[in-house]
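Participant: Using the sequences and the hints, build the whole thing.
Number of protein chains: 2
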Amino acid sequence: MKKYVIGVDLGGTKITTAISDLAGKIIEKTTLATGAHLGEEVVMERIFESISMVLEASKIAEEEVRAIGIGSPGPLDAEKGTIITTPNLPFKNYNVAKPIERKFGITTYLDNDANAAALGEYAFGAGKGTKNLLYITVSTGVGGGAVLNGRPYRGSTSNALEVGHMTIEPFSPHRCNCGNYGDLESLSSGTAIAKRAKEAVEAGKETILKDAQTITSYEVHQAYLEGDAVAMEILDKAFAYMGIGVANLIVNFDPEVIVIGGGVSKIGDLFFAKVKESARTRCFDFMFDAVKIVPAELGQDAGVIGAIALALVESEEK
Amino acid sequence: MKKYVIGVDLGGTKITTAISDLAGKIIEKTTLATGAHLGEEVVMERIFESISMVLEASKIAEEEVRAIGIGSPGPLDAEKGTIITTPNLPFKNYNVAKPIERKFGITTYLDNDANAAALGEYAFGAGKGTKNLLYITVSTGVGGGAVLNGRPYRGSTSNALEVGHMTIEPFSPHRCNCGNYGDLESLSSGTAIAKRAKEAVEAGKETILKDAQTITSYEVHQAYLEGDAVAMEILDKAFAYMGIGVANLIVNFDPEVIVIGGGVSKIGDLFFAKVKESARTRCFDFMFDAVKIVPAELGQDAGVIGAIALALVESEEK
Numbered sequence: 008m009k010k011y012v013i014g015v016d017l018g019g020t021k022i023t024t025a026i027s028d029l030a031g032k033i034i035e036k037t038t039l040a041t042g043a044h045l046g047e048e049v050v051m052e053r054i055f056e057s058i059s060m061v062l063e064a065s066k067i068a069e070e071e072v073r074a075i076g077i078g079s080p081g082p083l084d085a086e087k088g089t090i091i092t093t094p095n096l097p098f099k100n101y102n103v104a105k106p107i108e109r110k111f112g113i114t115t116y117l118d119n120d121a122n123a124a125a126l127g128e129y130a131f132g133a134g135k136g137t138k139n140l141l142y143i144t145v146s147t148g149v150g151g152g153a154v155l156n157g158r159p160y161r162g163s164t165s166n167a168l169e170v171g172h173m174t175i176e177p178f179s180p181h182r183c184n185c186g187n188y189g190d191l192e193s194l195s196s197g198t199a200i201a202k203r204a205k206e207a208v209e210a211g212k213e214t215i216l217k218d219a220q221t222i223t224s225y226e227v228h229q230a231y232l233e234g235d236a237v238a239m240e241i242l243d244k245a246f247a248y249m250g251i252g253v254a255n256l257i258v259n260f261d262p263e264v265i266v267i268g269g270g271v272s273k274i275g276d277l278f279f280a281k282v283k284e285s286a287r288t289r290c291f292d293f294m295f296d297a298v299k300i301v302p303a304e305l306g307q308d309a310g311v312i313g314a315i316a317l318a319l320v321e322s323e324e325k
Numbered sequence: 008m009k010k011y012v013i014g015v016d017l018g019g020t021k022i023t024t025a026i027s028d029l030a031g032k033i034i035e036k037t038t039l040a041t042g043a044h045l046g047e048e049v050v051m052e053r054i055f056e057s058i059s060m061v062l063e064a065s066k067i068a069e070e071e072v073r074a075i076g077i078g079s080p081g082p083l084d085a086e087k088g089t090i091i092t093t094p095n096l097p098f099k100n101y102n103v104a105k106p107i108e109r110k111f112g113i114t115t116y117l118d119n120d121a122n123a124a125a126l127g128e129y130a131f132g133a134g135k136g137t138k139n140l141l142y143i144t145v146s147t148g149v150g151g152g153a154v155l156n157g158r159p160y161r162g163s164t165s166n167a168l169e170v171g172h173m174t175i176e177p178f179s180p181h182r183c184n185c186g187n188y189g190d191l192e193s194l195s196s197g198t199a200i201a202k203r204a205k206e207a208v209e210a211g212k213e214t215i216l217k218d219a220q221t222i223t224s225y226e227v228h229q230a231y232l233e234g235d236a237v238a239m240e241i242l243d244k245a246f247a248y249m250g251i252g253v254a255n256l257i258v259n260f261d262p263e264v265i266v267i268g269g270g271v272s273k274i275g276d277l278f279f280a281k282v283k284e285s286a287r288t289r290c291f292d293f294m295f296d297a298v299k300i301v302p303a304e305l306g307q308d309a310g311v312i313g314a315i316a317l318a319l320v321e322s323e324e325k
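Quick note, the sequences are listed as chains L and E, same order.
Under the working numbering, the first residue of the first sequence carries the number 8, and numbering increases by one thereafter.
Under the working numbering, the first residue of the second sequence carries the number 8, and numbering increases by one thereafter.
A hint or two may mislead.
Once the Cα atoms are required to be at most 30 angstroms apart in a straight line, the calculated DSS-like pairs of lysine-lysine come out as [to be verified]:
(1) L:Lys10 to L:Lys21
(2) L:Lys283 to L:Lys273
(3) E:Lys99 to L:Lys138
(4) L:Lys138 to E:Lys138
(5) E:Lys217 to E:Lys299
(6) E:Lys105 to L:Lys138
(7) L:Lys138 to E:Lys87
(8) E:Lys202 to E:Lys21
(9) L:Lys299 to E:Lys32
(10) E:Lys299 to L:Lys99
(11) L:Lys202 to L:Lys135
(12) L:Lys299 to E:Lys87
(13) E:Lys135 to L:Lys87
(14) L:Lys273 to L:Lys202
(15) E:Lys299 to L:Lys138
(16) L:Lys135 to E:Lys138
(17) E:Lys99 to E:Lys21
(18) E:Lys299 to L:Lys87
(19) E:Lys244 to L:Lys244
(20) E:Lys138 to L:Lys87
(21) E:Lys99 to L:Lys299
(22) E:Lys36 to E:Lys99
(23) E:Lys87 to L:Lys99
(24) E:Lys36 to L:Lys138
(25) E:Lys87 to L:Lys105
(26) E:Lys87 to L:Lys135
(27) E:Lys32 to E:Lys10
The set of hints was computed from the structure by calculation and includes no laboratory data.
Facilitator: See below:
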């Protein structure tokens with residue numbers, strides 16, 4: 008009887024790996040530097056090393072481990088286990104799942120970090136007990152993941168829930184990194200909030216915000232709390248747009264719960280109140296009332312817990 | 008061995024019922040007037056009658072029928088088999104599935120007509136062989152249905168894929184029947200096209216369109232074909248908005264195929280060319296290139312074939 012799983016949270020700066028029981032309780036955890044600048048082979052070796060470390064520390068044999076889950080930045084091909092490319096890792100069309108399977112003899116699943124976070128919230132966080140969950144992360148960018156009918160939903164190229172690139176104001180002057188204008192990311196991400204603040208300062212608007220070049224969304228929120236009118240307008244607008252994005256997800260997916268995480272969501276009550284107020288006016292009342300819009304529950308270990316959930320949910324299906 | 012299924016296409020004016028083999032080949036088909044004005048009991052009796060008629064005509068026994076599928080206007084609760092309410096049928100919170108199961112001893116599934124159409128295209132039409140399919144209908148309104156991971160996707164209140172109510176221009180002056188402004192239905196439905204034409208005629212614009220009160224989207228298309236500049240602008244805009252809606256569905260669902268049916272889509276090549284041109288500029292190239300955007304293939308019998316597909320797909324899962 009295989010009673011354990013391993014989760015690997017593969018990031019641009021560090022690799023966090025943990026072994027847990029089937030209830031997701033972490034038994035051993037370790038963190039190594041990724042060494043991304045040292046190339047594919049080195050990073051691969053460090054993933055191996057981190058897995059060996061948690062196995063040894065926990066005194067659990069390979070044979071007792073049901074599956075390994077890896078959460079990684081994308082784009083990637085989850086079905087094949089291949090990372091296609093990502094700005095902060097050296098892998099290019101590189102299959103990371105197979106070498107792990109070969110070395111440890113344990114079935115290994117790869118998914119992008121937003122999907123892993125969605126699975127983590129579904130299995131152990133704000134979405135426990137639901138069947139249809141959406142997860143949105145609002146930080147530098149806006150991303151997402153989904154569990155539908157109780158299973159991870161990835162779409163046909165593993166890129167479903169690219170919610171940040173949903174167009175919600177087509178004639179907006181605000182351009183996204185993806186090239187589109189007026190998509191959710193260009194209007195409500197942390198980057199968008201900082202840009203609007205920079206523009207306001209440069210336009211000479213009356214605000215306590217200073218230093219146009221280095222303003223962050225954090226500072227905009229601080230100014231908001233001090234009653235700064237410019238900061239208030241910027242955040243109100245950004246959160247109203249986020250509410251439109253949320254309403255669009257409600258009419259399309261009719262989910263039980265939308266879990267929102269990421270740095271901007273950490274603003275907390277203000278963020279959630281404004282987002283809900285806006286979303287309510289943009290969809291049917293009965294559909295809005297049927298969905299819970301809640302903060303992510305998994306904290307610091309969200310990445311590795313998501314990877315553990317990936318291993319658990321995928322190996323359950325087989 | 009149960010080798011047949013029955014599909015019931017329940018409409019406001021007629022009930023079409025057919026019995027088919029497991030490949031969806033129709034053996035017998037009948038159509039009765041719905042008699043909606045005569046009340047719940049009468050309509051229920053006519054559904055029974057239509058089922059008895061196809062059984063008798065085909066000389067197939069109840070025991071040989073694997074399942075019955077009913078496609079109906081919504082909103083409804085597919086899980087319970089209950090029609091909640093609908094403008095053109097007398098049922099109010101009425102369970103239509105159970106009386107049929109009781110009378111014939113055959114498992115019965117209910118779904119809304121857009122989902123049934125999605126299943127029909129998935130099983131027998133433009134989406135054969137795919138796993139992730141979206142279906143959009145563009146006529147008076149804009150609706151949709153989905154098959155995800157090879158299964159019907161309905162969401163938690165059976166109302167997923169209300170794509171017409173996705174907001175794509177929040178500050179538009181155009182109001183939808185649902186109360187929202189600038190949703191897809193308010194900008195690209197047949198109703199929206201007719202309204203824009205009416206407004207243009209009333210504003211005295213130079214156009215061959217006449218008779219503001221009775222203009223239909225069909226007439227706008229006719230005027231377009233004759234080179235009418237006002238008609239061209241109206242259709243170009245409506246189809247560009249539809250393309251934005253389609254792009255939003257691509258980034259959210261990452262489907263293999265988007266099948267578009269309904270009266271407005273019958274405009275054909277012009278419609279599909281403009282929709283694709285717009286959608287391409289609003290999403291990642293690699294995601295746009297991965298999805299086929301195609302016309303619905305099921306013609307006149309689409310409703311009843313959808314109901315047959317519902318019976319087939321749902322009874323396969325058990």
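Participant: Each hint should be assessed against the structure and marked as holding or not.
Facilitator: Cross-check of the supplied hints:
1. L:Lys10 to L:Lys21: Answer holds: Lys10 (chain L) to Lys21 (chain L) is near 27 angstroms, not above 30 angstroms.
2. L:Lys283 to L:Lys273: Distance ~15 angstroms between Lys283 (chain L) and Lys273 (chain L) Cα, so the pair holds.
3. E:Lys99 to L:Lys138: holds, 27 angstroms
4. L:Lys138 to E:Lys138: holds, 19 angstroms
5. E:Lys217 to E:Lys299: violated, 37 angstroms
6. E:Lys105 to L:Lys138: holds, 25 angstroms
7. L:Lys138 to E:Lys87: It holds: about 17 angstroms lies between the C-alpha atoms, which stays within 30 angstroms.
8. E:Lys202 to E:Lys21: With a Cα-Cα distance of about 29 angstroms, the restraint between Lys202 (chain E) and Lys21 (chain E) holds, given a limit of 30 angstroms.
9. L:Lys299 to E:Lys32: Distance ~43 angstroms between Lys299 (chain L) and Lys32 (chain E) Cα, so the pair is violated.
10. E:Lys299 to L:Lys99: holds, 27 angstroms
11. L:Lys202 to L:Lys135: violated, 36 angstroms
12. L:Lys299 to E:Lys87: Judged against 30 angstroms, a Cα distance of about 22 angstroms means the pair holds.
13. E:Lys135 to L:Lys87: holds, 23 angstroms
14. L:Lys273 to L:Lys202: holds, 19 angstroms
15. E:Lys299 to L:Lys138: Status holds; Cα separation ~29 angstroms.
16. L:Lys135 to E:Lys138: Holds, at about 27 angstroms.
17. E:Lys99 to E:Lys21: holds, 18 angstroms
18. E:Lys299 to L:Lys87: Given that 30 angstroms is the threshold and the Cα spacing comes to 22 angstroms, the pair holds.
19. E:Lys244 to L:Lys244: holds, 26 angstroms
20. E:Lys138 to L:Lys87: It holds: about 17 angstroms lies between the C-alpha atoms, which stays within 30 angstroms.
21. E:Lys99 to L:Lys299: Distance of about 27 angstroms is within 30 angstroms: holds.
22. E:Lys36 to E:Lys99: Roughly 28 angstroms between the alpha carbons, so the hint for Lys36 (chain E) and Lys99 (chain E) holds.
23. E:Lys87 to L:Lys99: violated, 48 angstroms
24. E:Lys36 to L:Lys138: violated, 37 angstroms
25. E:Lys87 to L:Lys105: violated, 44 angstroms
26. E:Lys87 to L:Lys135: holds, 23 angstroms
27. E:Lys32 to E:Lys10: holds, 11 angstroms
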